[in-house]
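Student: Sequence:
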Amino acid sequence: FLGAQNRSIRTELSQLMIIITVYGPEAVEKCIGEALAKGIIGSQYIERLLSQSQNSLEIKPAPLQLNDERLSIPPNIPNLKTYYALLLDSETNENTEMP
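All the letters of the sequence shown, read from the start, carry residue numbers 1 to 99 under this note's numbering.
Calculated from the structure, these hints are not laboratory results. There is no bait here: all hints are sound.
For each label pair, taking beta carbons as the anchor points, the in silico distance ranges come out as:
1) I18 to K60: 21 to 31 Å
2) L86 to L66: 32 to 42 Å
3) S8 to S53: 24 to 34 Å
4) N76 to R7: 46 to 56 Å
5) R10 to K30: 21 to 31 Å
6) R48 to S72: 32 to 42 Å
7) K60 to E26: 21 to 31 Å
8) P75 to L36: 45 to 55 Å
9) E34 to L88: 45 to 55 Å
10) R10 to S72: 52 to 62 Å
Yeah, the Cβ is synthetic: ideal placement off N, Cα and C, and Gly gets one too.
Take the sequences, apply the hints, and build the full model.
Tutor: Here it is as structure tokens:
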């Protein structure tokens, strides 16, 4: 595989060592197993999978809770009637102008 794709084994191993240092050996081993099961090789693919799995597990902060009611402003709900009227008028004009 590596020869057909112009990849250096030395470079791939160096990159895998760096990835192991960053993500840990267990996570990298699991990811390599998944990649090989799919028939995909390459340290870049392994790093991308690990990065995506780490980003999906990030803890996101809870929504901001304001104690003062004056600061809680409800969002304006746009009135789309004007937009729909313009859209429908333009569609009817296009239909009537065609020969």
